[in-house]
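*Asks:* If you want the building blocks of each chain, they are given just below.
2 protein chains.
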Amino acid sequence: MSDWVNRRSWLKDLPWPASENAVSPLDTAEYELKAFFAARTDTAACQLVPDLKEGYELTKTQNGFLVRGGKTGVLYGAYALIRALSSFSPVPEGVQQPYYPLRMLDCWDNMDGTVERGYAGRSLWFEGGSFSYEPARIRQLGRMLSSVGINVLCLNNVNVHQPAQRLLDDLLEDTARFAALLRPFGVRLMVSVDFSQPLQQGLGTADPLDEEVQRWWADTAKRVWDRIPDLAGFLVKADSEHRPGPNTYGRTHAQGANMLARAIAPYGGFLVWRAFVYNCMQDWRDTKTDRPRAAYDLYKPLDGAFDGNVILQVKHGPYDFQVREPLSPLLLGMNSTALALEVQLAQEYTGQQIDLYAMPPMWREVFSQMGKERVRAVAAVSNLGRDGCWTGHPFAAVNLFAYGLFAWNPDSDPAAVIRQWARLSYALPKEQETRLSDMLLRSRSVYEKYTATLGLCWMITPNTHYGPNPYGYEFQAWGTYIRADRNAVGIDRTAQGTGYTDQYPSALRDLYASLDTCPDGLLLFFHRLPYDYRMRDGRTLIQRIYDDHFEGCAQAEEMANALSGLSLPAPDREEALKRMERQIKNAREWRDVVNTFFYRYTGVPDAHGRTIYP
Amino acid sequence: MSDWVNRRSWLKDLPWPASENAVSPLDTAEYELKAFFAARTDTAACQLVPDLKEGYELTKTQNGFLVRGGKTGVLYGAYALIRALSSFSPVPEGVQQPYYPLRMLDCWDNMDGTVERGYAGRSLWFEGGSFSYEPARIRQLGRMLSSVGINVLCLNNVNVHQPAQRLLDDLLEDTARFAALLRPFGVRLMVSVDFSQPLQQGLGTADPLDEEVQRWWADTAKRVWDRIPDLAGFLVKADSEHRPGPNTYGRTHAQGANMLARAIAPYGGFLVWRAFVYNCMQDWRDTKTDRPRAAYDLYKPLDGAFDGNVILQVKHGPYDFQVREPLSPLLLGMNSTALALEVQLAQEYTGQQIDLYAMPPMWREVFSQMGKERVRAVAAVSNLGRDGCWTGHPFAAVNLFAYGLFAWNPDSDPAAVIRQWARLSYALPKEQETRLSDMLLRSRSVYEKYTATLGLCWMITPNTHYGPNPYGYEFQAWGTYIRADRNAVGIDRTAQGTGYTDQYPSALRDLYASLDTCPDGLLLFFHRLPYDYRMRDGRTLIQRIYDDHFEGCAQAEEMANALSGLSLPAPDREEALKRMERQIKNAREWRDVVNTFFYRYTGVPDAHGRTIYP
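Protein chains in written order, with the numbering used here: chain A, 1012 to 1625; chain B, 1012 to 1625.
Any given hint could be a false lead.
No distinction is drawn between identical chains; accordingly, a pair holds when it is met within one copy or between any pair of copies.
[What the hints assert, rightly or not] In the DMTMM-like style, the derived pairs of lysine to aspartate or glutamate whose C-alpha atoms are separated by at most 25 Å in a straight line are:
1. K1589 <-> D1603
2. K1596 <-> D1301
3. K1233 <-> E1568
4. K1045 <-> D1230
5. K1441 <-> D1543
6. K1299 <-> D1617
For the record, the hints were derived by calculation from the structure and aren't laboratory data.
If you're wondering where the values come from, they're calculated on a predicted model, not measured in any experiment.
So that you can see chain A by itself, here it is in the shape it has in the complex (with noise of 0.2 Å):
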């Protein structure tokens, strides 16, 4: 690796290497400020104070600024202070806290090199059934990582593959070795482990109540901890897309995931057990059976079950990180267990990386609803791999850095974050600054109108997720489905329909059980609506589909002309450009093919003459 990756990112100001005798977040601190403040004529010193903890606070001195913070801390306000001299933003004052402990990338990365749902190109680390990296890169990553406060680091496919259990086993001591390279930059690893492991270790069982794989996971617990003191945790997917799990003991999720828990309580480390279960084998004949009532079905019940250092990751929405969902039900009503709320920066629904889809203003819309009080930890599938860029495409990286300051501070202010991105990577004139953020501020908006407007997911090609395909889930077993036909379009989940609204508090179940105020953007999703219904604005709901493609498509043309406008360094500028194309592509296939859909079973034409194609 060169200079040349460093400089695809945010971080393209700071010198590269990042040192390799640091030991410490410390010693990456003083290093970083050092490295940074030899281009100018101030300086800036670092003092450890440890009752911070990861809080830092930044005090200007007569010279420069002081950096005071925990052991992590002073690291997370090096970076803090490099970013705002960089971006010419104010230093933040007082002390900064994050907000949530556990601020998590999960990485589904297999250990033949793919990346399950990666668009990136093949994983940073792992290739041909072990570890293969070019350490730079990986102390790249720490900080990169590092600089916007992201602590721990999942390092394997939550769907465990084989040989991803050598890497407690035979592998470990090269996971210890990987766990080295990041701990300087103040990144913890956690590890995905396969609930049925103790079968293929010659165990008859995996059933959680058994004390011989109480203790086969106590013993596992004590030898990887000897070796890895600080890891995090282990990351459990069970009883989920046809993976072996308690259930198949005939036990609770509470009493799996306890099992694991105290295996490793002993050392501080945390369960995270993902609620991503449900039935994936329902029948669309059935009605009744509704997939996004599923998780809080099951796990309701069980709240309060779990011990203290299990925490439940559940998706920001009921069904799988789509353009647009309600917030998860469960989200909102386990008040005795603790959670992480999962997001999903690789774009597997949302454009994978081709088209242009920023998430700060979704992640705002989620934390404004959830409360962010509620939930314990954040956790993010990752979006990075090999490429050159880090993510596929260059302003994917946005993605990555919001999670960041989100995870640190959920009021922060999508517009602010995405131009301080913007301004980190690219240093645009001011004009042009303006342009790409406004681009990046509505792609989500742009890329909801084509693919999902009023609720209506699942629109999309089966098993690839790009492209539509709108009646490609529909009478598959995942339970997603939009049932149109020539009267009508969507599901009623009010208590008339499958009741899925009553897993909602009160004012929430109101808000989208009522059609006069159920938000457009879920309209669908909650209600069965015939064809000529009047929307708010006087629309009927056809000409509302129809108009969202025809605009969603018109706005992704319009981007694609603000971009050619930008005076992007090479090859970035290049990418962004090949990328656009192929989205403009997309986003017609998507308006042609729902609009002729749609059009097949009502016959209304676009009341403006617009074509739809019979």
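Once you have looked at the hints, place chain B on chain A.
*Replies:* Below, chain B without anything else, positioned relative to chain A:
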């Protein structure tokens, strides 16, 4: 392998193993007759009559029979005699000659051991990038092929994946050894080659008019035929589904094929050129372009331009092995080109060797429409694999058996052929044999009713090609549309529509173009009709769609009943019952999904009040 595999075939009465010492088909004939007649009181003798070539004549002698025949004819005669005696059928009288000189089995085996569209397990002869097989099992395969007159085996996938070029290169010795195993059974090898191979050998081009390219192929042919003098030829798929070909260099398919044909002509090799070529990037918005037209539009102008040893291999229908298609107009329009008819034993779209689907009734239709004199060769995509019963479903063997008999005599009677297979394979009580034969005889019609009524093909799940997904291919680039809307369904392919019917001779053109005469089974393939269209029997189109789906499913359920009463041997019985359970499930899914699909467009309930899910 043990005798067990032998017993799971129509050769179960022949003692295992086949001779290891036979060198010529005559050796094999003598060995087989000796072994078969050892258990009888009469006898049989062989006599070589070179002039008969592949033909034979069976005559009664005082103590038994005399088999007179040509070099391979004598072996075919021996098997015909054994087949007749084993099935208590009359011994054929007079000289028997095969109708088609080339009777090919195209195997889509990849060298990594997978079989493209294979439903009977892994490859019988490839694994891990090279040959890997039990010689005894390959001899048994040769025996099965020979026993029904198949005389060419193309051993690798026509989509030539790396490292299959090694078959003619550093693995040539292994290929020759494999050819030698099949030679005593009169089965000659053919090899699929990659048109772009010269490129990968360091030449800068694969242009068929380039002299260096021509020399490279001539040298290759010399080297190969030196080692395998009876190699049947090369099979090629070029310029199709993103594969390179002569068009890449601005040359015609005739120029491409002839170049290869000239390289192998000195050795008597055939160049089989697969005519499965079309623009696979069609736009669904474009209603003028019509994929079924593609092959005729491309090849008709080349009629007469191909060398004498080129054979154009044409699929039976203009699409791709659907349950029901009209005959490919290419098979009727190429008067100065040698043609091979291609069928697919592998049940890619026809139930995947889970659902019952016996093909003889379909072939009868094809041969009777085509006029059997039009084509010079037949080819079938193999349904074989490493499974114990060879064909996944034990009954799927009927298609391999019957294919051989139809290739020998296209006037064969489907019912008689199916019955003979049943008798040779199972020796059931007469009433049960009738039940099994009847079940197989009507199995295609049952499958057709629940998957592809009225010529509505392509409502199948994309990629996997099993199970319903009525709109899965609707907006794709493959040219496979049904264009259903709230008023009508189907494609007008008459002169008023895409003009496809004009590719037929006038009698067929008129038959298909007129609603008065177009067969019901192809009605919506050729015409676009409103749902309230009155069928000739008085039913509406929509009611006919519903009826077929209810009936097809009910008939599948009847087959399940019939099957459970058959005293088949283990493990065939269990295997057949297990698969029948899956067929029933599949049939119900098709019935409900397709009925619902059209109900959602029409709002018309079933006239008989049967359940259609909303």
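*Asks:* Could you run down the list of hints and mark each one as holding or not?
*Replies:* Results of checking the hints against the structure:
Taking the shortest Cα distances, K1589 and D1603 sit within 25 Å of each other inside one copy (22 Å), while across copies they are farther apart (44 Å). When the C-alpha separation of K1596 and D1301 is checked against a cutoff of 25 Å, the pair qualifies only between copies, where the shortest distance is 22 Å, while the shortest distance within a copy is 34 Å. For a Cα distance limit of 25 Å, the shortest separation of K1233 from E1568 qualifies neither inside one copy, at 57 Å, nor across copies, at 58 Å. Taking identical chains as interchangeable, the C-alpha atoms of K1045 and D1230 are never at most 25 Å apart, the minima being 44 Å within one chain and 68 Å between chains.
Taking CA atoms no more than 25 Å apart as the test, K1441 paired with D1543 passes in neither setting, with 46 Å inside one copy and 64 Å between copies. Proximity of K1299 to D1617 under the C-alpha cut-off of 25 Å is restricted to the inter-copy arrangement: shortest distance 23 Å between copies versus 34 Å within a copy.
Hint compliance for this structure: hints 3, 4, 5 are broken, all remaining hints hold.
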